[in-house]
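Undergrad: Taken in sequence, the protein lines are chains G and E.
This note's numbering puts the first sequence at residues 1 to 481.
This note's numbering puts the second sequence at residues 1001 to 1481.
Calculated directly from the structure, the hints in this document are not laboratory data.
Just to be clear, a hint being listed does not mean it is correct.
To be verified - Label pairs and their in silico Cβ distance ranges:
1. G:Glu-262 x E:Glu-1181: 36 to 42 Å
2. G:Thr-455 x E:Lys-1019: 34 to 40 Å
3. E:Ser-1012 x G:Arg-411: 49 to 55 Å
4. G:Thr-455 x E:Asp-1343: 39 to 45 Å
5. G:Leu-134 x E:Arg-1208: 54 to 60 Å
6. E:Pro-1320 x G:Ser-272: 53 to 59 Å
For clarity, every value in this text was computed on a predicted model and none was experimentally measured.
We treat Cβ as the ideally placed atom computed from N, Cα and C, and that holds for glycine.
Residue strings, one per chain:
There are 2 protein chains.
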Amino acid sequence: MLNSVDLDLKLSKSEYKEKYKALETELIHLQREVLEVGMPVLITFEGWSASGKGTLINELSQPMDPRGFRVFEGRCDNGEISYLIPYWKNSPSKGFISVFDRSWYRAGIEDIYKTGEYKKKFIRDAINFEQHHLNSDTLVIKFFLHISKEEQSRRLTDLTSKETTSWRVTEADLKQNLQYEKCLGACNYVIEKTNDVSPWVIVEAEDRLYAKFKVISTVVNKIKKALKEYPKSSGDKVSLKALSEKDPFRKVNLKKSIKPDEYKEQFSDVTSDLTELSYRMFRNGIPLVILYEGWDAAGKGGSIRRLTRFFDPRSYNVVPVAAPTKIEINHNYLWRFWKEMPDKGGVTIFDRSWYGRVLVERVEGFCRPDDWKRAYSEINEVEKHLVDQGVVFIKFWMEISQEEQLHRFERRLEIPHKRWKITEEDWRNREKWDNYKPAVDEMLLRTSTDWAPWTIVEGNNKHYARIKTIKTVRDTLKSIL
Amino acid sequence: MLNSVDLDLKLSKSEYKEKYKALETELIHLQREVLEVGMPVLITFEGWSASGKGTLINELSQPMDPRGFRVFEGRCDNGEISYLIPYWKNSPSKGFISVFDRSWYRAGIEDIYKTGEYKKKFIRDAINFEQHHLNSDTLVIKFFLHISKEEQSRRLTDLTSKETTSWRVTEADLKQNLQYEKCLGACNYVIEKTNDVSPWVIVEAEDRLYAKFKVISTVVNKIKKALKEYPKSSGDKVSLKALSEKDPFRKVNLKKSIKPDEYKEQFSDVTSDLTELSYRMFRNGIPLVILYEGWDAAGKGGSIRRLTRFFDPRSYNVVPVAAPTKIEINHNYLWRFWKEMPDKGGVTIFDRSWYGRVLVERVEGFCRPDDWKRAYSEINEVEKHLVDQGVVFIKFWMEISQEEQLHRFERRLEIPHKRWKITEEDWRNREKWDNYKPAVDEMLLRTSTDWAPWTIVEGNNKHYARIKTIKTVRDTLKSIL
């Protein structure tokens, strides 16, 4: 794609000024509209070193209202568990425009450039990131700023020659110019592979005025077009494959239990090396994500507390997931979970999770059928990415019988300091047990993947459940350390 | 204080178990109450290496509801501009309990320990941090875990001897033990100097059961007591010194202007080295904070846009300050500004700021008179701290006449793409000009400090105002680079 670009396109100063004035006013209007209709906009600037990304981003920022617009660096620091983290964290909310210096495809480009190999997962996961945003009606604009080897060399020489700018030129920049053809190949490859998700806009960036004009006019036109179609409520109907297995619980025996006197001994046994194992995870920089789903009163909280007791309190973070806040509801539903992902060596425990999409949101009608139907594959994709990035990922479904739940609700009402744990909503949810059951079954069948299988925990006996969850965590850590 | 501590206090396992059970239930209840009345609680664990901070924090976490409780590390990474940043960022909101591993006095202790000198500013700024939280009715609990030199040596030897724990012992830990007396002196000094703000609880941490018991019983008792007195609405009346100067605007001439043809030339002149200067700030890791206050339509936004055009968009962050969100209103009023402070080498531009406390919140009655009266010194203290930490701090008051404001409002209504900038609230605020005027005067007089003086910008002529703000920034940067 890049090879056929005509880099001789130019604009005279007077032409530019005339065209720009009208575009600027239009952009101001359009940003207002974006805010009013609540369309999220994600713009990325990818391209060669010294192709002028900074200047162009600045130029685009000028007419914008800063309350609805922000520029982010896509670069990762050391601690992040994935190159997608900065993009997810700063993913635009409704009506907001997020501009990224660099794109989520950068890791893929650099990997091909360095290794000479094309690794499927880099591109696949980045495409998924983009697709998840398109699915939630985000406008995505991808710029690639293109200059020739000669022009890049001229610009780098120019920067290096001045004392005040020479420090801005890194070794990587110079190397890129020397190996321009190799890098061109990598860019070309990635651009072609990722052009179908949403198309790249190649910006002929040798003439600075022409580049500015092309960027601003593209943003204006793309926003205008997207606003007309927003929201794309009548998207393709998501169709799901028929489920082959009928009952994910067929092997689950809720009668499993452990006697109180055996519990103590077994608990000591499964926890004896847990602290040590968690330290080794930390020292080796391996991130751990544990996710709990289950019926109300199935024992998620108690199980989590018994587990975390053996972790260093500075290393883990328990994320209780309730109804989304106003800020969270204005983002892609995955955003609030990405925000809480651990750094390398850290632990995040989700008390409920993104599976809310296919459970409560499905059953209560908080999202459209297409949204929850699509969520199975979206969630599988994200989990695959995390596991590929080296995250140890464990997910528990805590199962109890309807009778046991009733028993626990009643007991909670009797104990003064547990009474607050039981709300009217719990009783309401309980009445909907029969609506939730098929959603639970379908979730377990559609998201039990090779890379992130569910562990179903027989929860009627609390002692049994606690031993099983802790043992699962212990054995998983042991198997990889 | 530490020298007179009896480290022989012990508790038998049976004594502990009996006492603990009752305390645990009480703590669960109290956390509920904390949440219900909305009292913020800040708990810190300071003390010797190997004194058992991690274990005690974990023990305290066990009975807590994780939705209202979180443990944070007080340690700074490299990029922060102040050792107070991790404490401010994670400062508890109403009803939340923030537990810190390490305290805001750590920097002071380490400084004395390293340099042998007592530097006033470390303690002063940390005391201010604590005082600002007490002022907003936060319960502050400060633990110091104390063990003897011999016990520390025993524990470190023990840790070092085992392969699985030896990596946890750092060189600093060993050095602390060798120089125990010196460090004891520093701790003693800081504890004595900071005991008056709110008292330290020295925990005799040699017997682990005794330490656990003391920590939990202290938390229970302090929360119980604080809940009885919450909120301390009838605090001391804040009295302000009479103002000596009467009119901060006596030298301000709103007729100052620049002719359109001169503007272009002057603009080129004051901006010629701005990009270069901003790069040098970045390279030298010097943080820059610019704060704009002023009447509606005084030209804050336009002035900011003309300035930022010369900065790298990845280096600066414009923070438009509007009415606080629900989350912000549940925190100390300074919290939302601390969150936005730049890293080293970064730039934050506040479009309105913490001065809202003594302007809109005062005039509209959004806070109690004591709150805004206290705010002058609180703000001066924070600004002093930032400047001491090496932040370049510039603050502008954009002044226009009432007539000019009316003129601008009317003109905005005429230009379609500026119409949205004018709201009913702007007209309402305009009617209250006479109420705002004394608040503005008092703010300028009380917060024009040696370390952070106001620059009053004569804003009736936009060209003049733009040149003056940019020139002020340029000259300030030049003077320090």
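Undergrad: The structure should be examined with respect to each hint, and the outcome stated for every one.
TA: Structure-based check of all given hints:
The supplied range of 36 to 42 Å is broken by Glu-262 (chain G) and Glu-1181 (chain E), whose beta-carbon atoms lie about 51 Å from each other. Between Thr-455 (chain G) and Lys-1019 (chain E) the beta carbons are some 38 Å apart, a value that agrees with the proposed interval 34 to 40 Å. Taking 49 to 55 Å as the suggested C-beta distance range, the pair Ser-1012 (chain E) and Arg-411 (chain G) does not conform, at roughly 33 Å. Taken as a hint, the range 39 to 45 Å holds for the pair Thr-455 (chain G) and Asp-1343 (chain E), whose Cβ atoms sit roughly 41 Å apart.
For the pair Leu-134 (chain G) and Arg-1208 (chain E), the supplied restraint of 54 to 60 Å holds, since their beta-carbon distance comes to about 55 Å. Under the hint 53 to 59 Å, the C-beta atoms of Pro-1320 (chain E) and Ser-272 (chain G), about 55 Å apart, fit the expected range.
Hints 1, 3 from the earlier list are contradicted by this structure; the remaining hints agree with it.
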